[in-house]
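There are 2 protein chains.
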Amino acid sequence: MTTQTKPTPRERLLEAAATLAYREGVGVGVEALCKAAGVSKRSMYQLFESKDDLLAASLERRAASYAARLLPEADDPRSPRERILHVFEQLESQAGAPEFHGCAYLAVQIELKDQSHPASRVAHQVKGNLTAFFRGEAERGGASDPDLLARQLILVFDGASARAGIRADKLTGLIVPTVATLLDAADMH
Amino acid sequence: MTTQTKPTPRERLLEAAATLAYREGVGVGVEALCKAAGVSKRSMYQLFESKDDLLAASLERRAASYAARLLPEADDPRSPRERILHVFEQLESQAGAPEFHGCAYLAVQIELKDQSHPASRVAHQVKGNLTAFFRGEAERGGASDPDLLARQLILVFDGASARAGIRADKLTGLIVPTVATLLDAADMH
Chain H
660 MTTQTKPTPR ERLLEAAATL AYREGVGVGV EALCKAAGVS KRSMYQLFES
710 KDDLLAASLE RRAASYAARL LPEADDPRSP RERILHVFEQ LESQAGAPEF
760 HGCAYLAVQI ELKDQSHPAS RVAHQVKGNL TAFFRGEAER GGASDPDLLA
810 RQLILVFDGA SARAGIRADK LTGLIVPTVA TLLDAADMH
Chain W
660 MTTQTKPTPR ERLLEAAATL AYREGVGVGV EALCKAAGVS KRSMYQLFES
710 KDDLLAASLE RRAASYAARL LPEADDPRSP RERILHVFEQ LESQAGAPEF
760 HGCAYLAVQI ELKDQSHPAS RVAHQVKGNL TAFFRGEAER GGASDPDLLA
810 RQLILVFDGA SARAGIRADK LTGLIVPTVA TLLDAADMH
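Residue numbers (the working numbering), protein chains in the order written: chain H, 660 to 848; chain W, 660 to 848.
Take every hint as true, because none was put in to throw you off.
Where chains are identical, the list cannot tell them apart; a pair therefore holds if satisfied intra-copy or between any two copies.
Cross-link-like lysine-lysine pairs, in silico, DSSO-like; alpha carbons within 30 Å at most: (1) K710 to K665; (2) K700 to K772; (3) K694 to K665; (4) K772 to K694; (5) K665 to K700.
These aren't lab readings, by the way, just hints derived from the structure by calculation.
If we strip away everything but chain H, and leave its shape as in the complex, we get:
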């Protein structure tokens, strides 16, 4: 016999906020969030200061799984070049799903247009971690200019996520050759 813990109201709110904000945008209303979570507004405001804080907490909660779905395992024995390409192969594969709307952490910053919003701060941090991964691999792989290469890779990552999210490009035959060209130019063979 298995025992499964029922999600708490807090967990249900975090899940609803992450899902609905991703699918419909950060403008999703408190009513809709509470309804989706099956939680009263009164309970929501007992658990979170505001919708902004709920949104920020929901983005923070998904940060670990976001990274896990993109990055290679820490003990992945492949070369830095291959570990970087892994991220873009993952993105290309995720972008093919019908429910893909681009990178949640980019979208929230574009939508909020306010870098001091708690959710923007979380998003900025999460993407900073991805840039730091690129920077670290670039350095380990002997890139001629690891800072420039890391900026290029996160730019391609965001451009690709955005364009796939709005269905302007499927990324197939695009991001892997593009990243390979940038890695070549940085002497990361």
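The hints should help you fit chain W onto chain H, whose structure is shown.
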């Protein structure tokens, strides 16, 4: 003595919609739009079917000036390579302004999350024209794979616009070398 035509209510609404949607997002309310335009809601609904149509019309109205601020003149005698780089130099320069929030035509598609929305359709068309410019120059310049290069350039354009818009990167020392690398790899010297 100069005579200046006073903007009509229609023009004031289009201007307010373009400005406020860019600064605050597509969720900006009808009340706020009418207030900024100095037009009653009743008048607005006589001029436009809906806020969605107003938004689409406002994006369409700015399409010509958007292109003019990015593209070289039609009779610009520079090489295709230089004409492509011109677009990115313009973007880098625009991204430095405090009121820059990225490409309006990318943002609206990310925010609406609905490719069938009239405003998304306008935005998709405007960015398609920019991609067509890249494709034409790539072909004229003898790029090894003009389709791939055009997809790469619009990806870099969108990634750069997005990252500068959220203040994650200033683009200086980034997009011109990145585009130059892609042009080199496509044999557009």
